[in-house]
Amino acid sequence: MSFAPSSTSTPSSTPDPTPKPRVGLFVTCLVDMFRPTVGFSAVKLLEEAGCVVDVPMEQVCCGQPAFNAGDLASARKVAKPLIAMFADHDYVVAPSGSCAGMMIKHFPELFANDPEMAEPVKALAAKTWELVSFLTDVMKLQGVAAAFDGSITYHDSCSGLRELKVKEQPRKLLRSVTGLSINELQEPETCCGFGGTFCVKYPEISGKMVGDKTTDIKNSGADMLLAGDMGCLMNMAGKLRREGSDMEVRHVAEVLADMTMAAPGIAGSEKG
Amino acid sequence: MENSTSPKFKQNAHDALNDASLQRALGRLKTGFKDKRTAAIAQLPEFEQLRDAARDIKNHTLANLDHYLTAFEANVIANGGHVHWCADAEEARQTVLKICQDKDAKSVLKGKSMISEEIGLNAFLEKQDLKVVETDLGEYIIQLRNEPPSHIIAPAIHVHKEQVADSFRATHKGRDINRPLDEPRELLDEAREVMREHFFAADVGITGANFLIAETGTSVIVTNEGNGDLTQTLSKVHIAIASLEKVVPTLEDASTILRVLARSATGQEMSSYTTFSTGPRRTEDLDGPEEYHVILLDNGRSNMLGTEFQDMLRCIRCAACMNHCPVYGAVGGHAYGWVYPGPMGSVLTPSLIGVEEAGHLPNASTFCGKCEEVCPMRIPLPKMMRHWREREFEKHLGPQSMRFGIQAWAWMASQPKLYQFATGIAARALKLIGGSKRAIRKLPLASGWTDIRDLPAPQGKTFKQLWAEQQAAKKA
Ligand code: SF4
Numbered sequence: 107m108s109f110a111p112s113s114t115s116t117p118s119s120t121p122d123p124t125p126k127p128r129v130g131l132f133v134t135c136l137v138d139m140f141r142p143t144v145g146f147s148a149v150k151l152l153e154e155a156g157c158v159v160d161v162p163m164e165q166v167c168c169g170q171p172a173f174n175a176g177d178l179a180s181a182r183k184v185a186k187p188l189i190a191m192f193a194d195h196d197y198v199v200a201p202s203g204s205c206a207g208m209m210i211k212h213f214p215e216l217f218a219n220d221p222e223m224a225e226p227v228k229a230l231a232a233k234t235w236e237l238v239s240f241l242t243d244v245m246k247l248q249g250v251a252a253a254f255d256g257s258i259t260y261h262d263s264c265s266g267l268r269e270l271k272v273k274e275q276p277r278k279l280l281r282s283v284t285g286l287s288i289n290e291l292q293e294p295e296t297c298c299g300f301g302g303t304f305c306v307k308y309p310e311i312s313g314k315m316v317g318d319k320t321t322d323i324k325n326s327g328a329d330m331l332l333a334g335d336m337g338c339l340m341n342m343a344g345k346l347r348r349e350g351s352d353m354e355v356r357h358v359a360e361v362l363a364d365m366t367m368a369a370p371g372i373a374g375s376e377k378g
Numbered sequence: 033m034e035n036s037t038s039p040k041f042k043q044n045a046h047d048a049l050n051d052a053s054l055q056r057a058l059g060r061l062k063t064g065f066k067d068k069r070t071a072a073i074a075q076l077p078e079f080e081q082l083r084d085a086a087r088d089i090k091n092h093t094l095a096n097l098d099h100y101l102t103a104f105e106a107n108v109i110a111n112g113g114h115v116h117w118c119a120d121a122e123e124a125r126q127t128v129l130k131i132c133q134d135k136d137a138k139s140v141l142k143g144k145s146m147i148s149e150e151i152g153l154n155a156f157l158e159k160q161d162l163k164v165v166e167t168d169l170g171e172y173i174i175q176l177r178n179e180p181p182s183h184i185i186a187p188a189i190h191v192h193k194e195q196v197a198d199s200f201r202a203t204h205k206g207r208d209i210n211r212p213l214d215e216p217r218e219l220l221d222e223a224r225e226v227m228r229e230h231f232f233a234a235d236v237g238i239t240g241a242n243f244l245i246a247e248t249g250t251s252v253i254v255t256n257e258g259n260g261d262l263t264q265t266l267s268k269v270h271i272a273i274a275s276l277e278k279v280v281p282t283l284e285d286a287s288t289i290l291r292v293l294a295r296s297a298t299g300q301e302m303s304s305y306t307t308f309s310t311g312p313r314r315t316e317d318l319d320g321p322e323e324y325h326v327i328l329l330d331n332g333r334s335n336m337l338g339t340e341f342q343d344m345l346r347c348i349r350c351a352a353c354m355n356h357c358p359v360y361g362a363v364g365g366h367a368y369g370w371v372y373p374g375p376m377g378s379v380l381t382p383s384l385i386g387v388e389e390a391g392h393l394p395n396a397s398t399f400c401g402k403c404e405e406v407c408p409m410r411i412p413l414p415k416m417m418r419h420w421r422e423r424e425f426e427k428h429l430g431p432q433s434m435r436f437g438i439q440a441w442a443w444m445a446s447q448p449k450l451y452q453f454a455t456g457i458a459a460r461a462l463k464l465i466g467g468s469k470r471a472i473r474k475l476p477l478a479s480g481w482t483d484i485r486d487l488p489a490p491q492g493k494t495f496k497q498l499w500a501e502q503q504a505a506k507k508a
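From first to last, the protein sequence lines stand for chains A and B. When you line the first sequence up against this note's numbering, it's residues 107 to 378, in that order. When you line the second sequence up against this note's numbering, it's residues 33 to 508, in that order.
Here are the simulated EDC-like pairs of lysine to aspartate or glutamate, each with C-alpha atoms no more than 20 angstroms apart in a straight line:
id, chain 1, residue 1, chain 2, residue 2
1, A, K183, B, E422
2, A, K307, B, E389
3, A, K211, B, E340
What follows is a list of derived Cβ distance ranges for each label pair:
id, chain 1, residue 1, chain 2, residue 2, range
4, B, V226, A, N325, 40 to 46 angstroms
5, B, W443, A, A253, 42 to 48 angstroms
6, B, E284, A, D329, 52 to 58 angstroms
7, B, S334, A, G156, 53 to 59 angstroms
8, B, Q43, A, T284, 50 to 56 angstroms
9, B, P77, A, N289, 29 to 35 angstroms
10, B, A52, A, N325, 17 to 23 angstroms
Rather than coming from a laboratory, the hints here were simulated on the basis of the structure. No residue lacks a Cβ here, since even glycine has one placed at the ideal position from N, Cα and C.
With the hints as constraints, model all of the structure from the sequences given.
Quick look at the structure:
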């Protein structure tokens, strides 16, 4: 059967250093098109944690936009190739709680009526992880070799938080960054109003939500805003700019991988 | 309530967002409900197990609904009461009217009931020349203001106390027009005085029901004002109106669910009053109604059984989902356009009035999942909203442009080479437009995004382009 996982793909919570786990990076469409630095940060973090990273070049998207629009046929069409593409990797890791959540929680629903897909979908869901929680929970990473001189605040993106329980993991690694301090938001778990197509279908409501969010962010007094999902980050960064704030905004992986010098922040002007 | 304004949801939301008074009122959700729930739950270590138990009780009941409803009916009759099965709103209204007419009733007292709102009972009875008085303070306020509720447990949450004072001065005649009505206490006292007179004059008392207990034939209501008790004990006739799914097998089951209800709703351990009504007054009773009627309303619920929407029938109307919903918090309850607002309304309303009418509601969600996180009955609200979107897509509802857009995108996204080529060009073009600010203020066809916020510009090349270059360089 073509979808059968390879013999090396049994997930193990205490990885043997030899052989190194082979990780398939699911780049995600927003990182691919808008923020390659996040992809390279992910590769760096994974390699430093002892993984071999592979990037299947035919990958596109997890199908979430169609899935959430109620167009299941389109969602299946987009999602299906990924399942074979990642069949031979020990793990699949995405720098996004939303896309990882789609593969872990929603692929089984999406393919529920297709008995042939049941096994491969289950296998994929079992070995797929959001980047930061993979580093802490699977690779048992205790800290990172990175430095950032300043304070950050952290937005908990909804899918990662509620579908995958990503909450303490990024904070734990951030605390190991030399010179970095965390200013928590008043409401770090409140949605930023992105919601995929929601933000363009209901722009006024989304605008109110992201406005409340940026107020909270600015009140935190932090130098930099971090989160683990590009959709939320683009929404919040875009709103901060519209409000005239030049606060630096980055994906958490960029700070953890010590790659903040590699590129200016999201929607950050050339001054760096 | 027959007519909805749900198709105008966007306009309603626009108006709500620009209503300063409403926005100020919505600011009270945090301290009024959310913080209190959090504190209450922190004190009950077994809360999560109780949620499981509550869910399981309702699932079991729904799987055997006909059995428990028949048992409930038999026990009500055995206690000397009456049960009326009503398929829809009209049948329920006519049944209530008939009971009132048989008693030659002139006035009707109401305890808070969402089912009454659902079937538009007040307006109907008033047309029949019956005097209807709401006895829940919030319901009373919106009755005076001639408005529908904007929240299922705090119907007047959108109203400020100054507005309440204005309504009281305008309607409570024969009082000093300059009397002090600035403090909540003064408003409460006056409402209580006015209400007392109505209580003693009432012929029929109508309440809702939080539970119907099958094993005893009991209807249960929870209130914080005690108005429900007076409504049903002082009136000659008590009518409890309830939808089918309110039934639970036993008293024990009702007690289990009660333990999660008030905590989820208001952060109380229990509501101030939990009142059990089992039949009419017996000869040895000191008070109680002469007649006891239960209206069992279907109104679309049995159609939900066996579908992907069945789980919604577990709902106990605690309102935790709307209290915590950022969309409800932004636009308030009236924007949803029908009786039930917030996440529970976004799932239930399309079931009851049709997805053609209420299609916006399940779409107006970011799927942030907060509602499901707090729902004591563990109802998967986002998932069911998505199921409504699927139905809409099947039926070709919703904007044609969105449908076309998704399908065109899916076509592109299933051709990796073409997709990479196109995104490569788009990334470059957008970077150029973004210029040194790396942000785009205005973009044709993207006004939904750029009306509100800048579009962060891409870095230039896509990850896959850069990755391919890097791999090639390594090999070279
Ligand atoms: S859906 Fe859940 S949270 Fe919302 S009112 Fe019903 S029981 Fe309460």
